[in-house]
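Numbering-wise (numbering that gives the first Met the number 0), the sequence shown opens with residue 0 and increments by one.
Think of the hints as simulated: they come from the structure by calculation, not from any bench. There may be inaccurate statements among the hints.
In silico DSS-like cross-links for lysine-lysine, where the CA-CA straight-line distance does not exceed 27 Å [what the hints assert, rightly or not]: (1) 64 <-> 82; (2) 1 <-> 82; (3) 99 <-> 62; (4) 41 <-> 1; (5) 1 <-> 64; (6) 99 <-> 1; (7) 1 <-> 62; (8) 41 <-> 65; (9) 64 <-> 41; (10) 64 <-> 99; (11) 62 <-> 41; (12) 99 <-> 41; (13) 1 <-> 65; (14) 65 <-> 99.
Pair by pair, the computed Cβ-Cβ distance ranges are [claimed, not checked]: (15) 6 <-> 85: 17 to 23 Å; (16) 40 <-> 107: 26 to 32 Å; (17) 32 <-> 95: 19 to 25 Å; (18) 82 <-> 62: 27 to 33 Å; (19) 108 <-> 44: 30 to 36 Å; (20) 58 <-> 19: 27 to 33 Å; (21) 46 <-> 92: 18 to 24 Å; (22) 35 <-> 10: 26 to 32 Å; (23) 55 <-> 100: 18 to 24 Å.
Cβ atoms here follow ideal geometry from the backbone N, Cα and C, with glycine treated the same way.
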Amino acid sequence: MKFILDENIDRIVAGLIEERGYEAILIVDIAPGINDLSVLAKATDSNAVLITQDRDFGELVFKYKKLHIGVILNRLRGLSSDKKANILMDVIDEYGERLKGRFMVVEPNRVRFGQP
């Protein structure tokens, strides 16, 4: 499985994703500063699940019905980068292919799915 990490996601997440055999592409490395719609399009064109902290992607997916492969909204503010990365990896490992086509919100003590 492939993931695109928005600019607001720590590099440590990319490292853990790759350690576990997945592909990680960082927006900051391939197209820094692009707008949210372009980030979502890059993820879709790359057949990648997007990982972000930006709630605006919920509006793009649910209100504007923008095409996506999957979105993981990281709502883990206040935690260390290591803790955030480990929680995200646990979620990716647990849900795997079920992430595709879904919008997921990851919070410290729960995971919520939406399916537009």
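Outcome of the hint check:
1. 64 <-> 82: Violated - the C-alpha atoms of residue 82 and residue 64 are around 32 Å apart, more than 27 Å.
2. 1 <-> 82: holds (21 Å)
3. 99 <-> 62: holds (19 Å)
4. 41 <-> 1: holds (12 Å)
5. 1 <-> 64: Given pair residue 1, residue 64 holds - Cα atoms ~22 Å apart, limit 27 Å.
6. 99 <-> 1: holds (10 Å)
7. 1 <-> 62: holds (25 Å)
8. 41 <-> 65: The hint holds at about 12 Å.
9. 64 <-> 41: holds (16 Å)
10. 64 <-> 99: holds (15 Å)
11. 62 <-> 41: It holds: about 19 Å lies between the C-alpha atoms, which stays within 27 Å.
12. 99 <-> 41: holds (15 Å)
13. 1 <-> 65: The hint holds at about 19 Å.
14. 65 <-> 99: It holds: about 14 Å lies between the C-alpha atoms, which stays within 27 Å.
15. 6 <-> 85: 17 to 23 Å: Distance hint for residue 6, residue 85 holds at roughly 21 Å.
16. 40 <-> 107: 26 to 32 Å: Holds, at about 30 Å.
17. 32 <-> 95: 19 to 25 Å: About 31 Å separates the Cβ atoms of residue 32 and residue 95, which means 19 to 25 Å is violated.
18. 82 <-> 62: 27 to 33 Å: This hint holds: roughly 31 Å between Cβ atoms.
19. 108 <-> 44: 30 to 36 Å: Holds - the Cβ-Cβ distance for residue 108 and residue 44, about 34 Å, lies within 30 to 36 Å.
20. 58 <-> 19: 27 to 33 Å: Given about 30 Å between the Cβ atoms, the range holds.
21. 46 <-> 92: 18 to 24 Å: Holds: the Cβ-Cβ distance is about 20 Å, inside 18 to 24 Å.
22. 35 <-> 10: 26 to 32 Å: violated (20 Å)
23. 55 <-> 100: 18 to 24 Å: Holds, since residue 55 and residue 100 (Cβ atoms, about 20 Å apart) stay within the stated range.
Hints 1, 17 and 22 from the list above are not met by this structure, while the remaining hints are.
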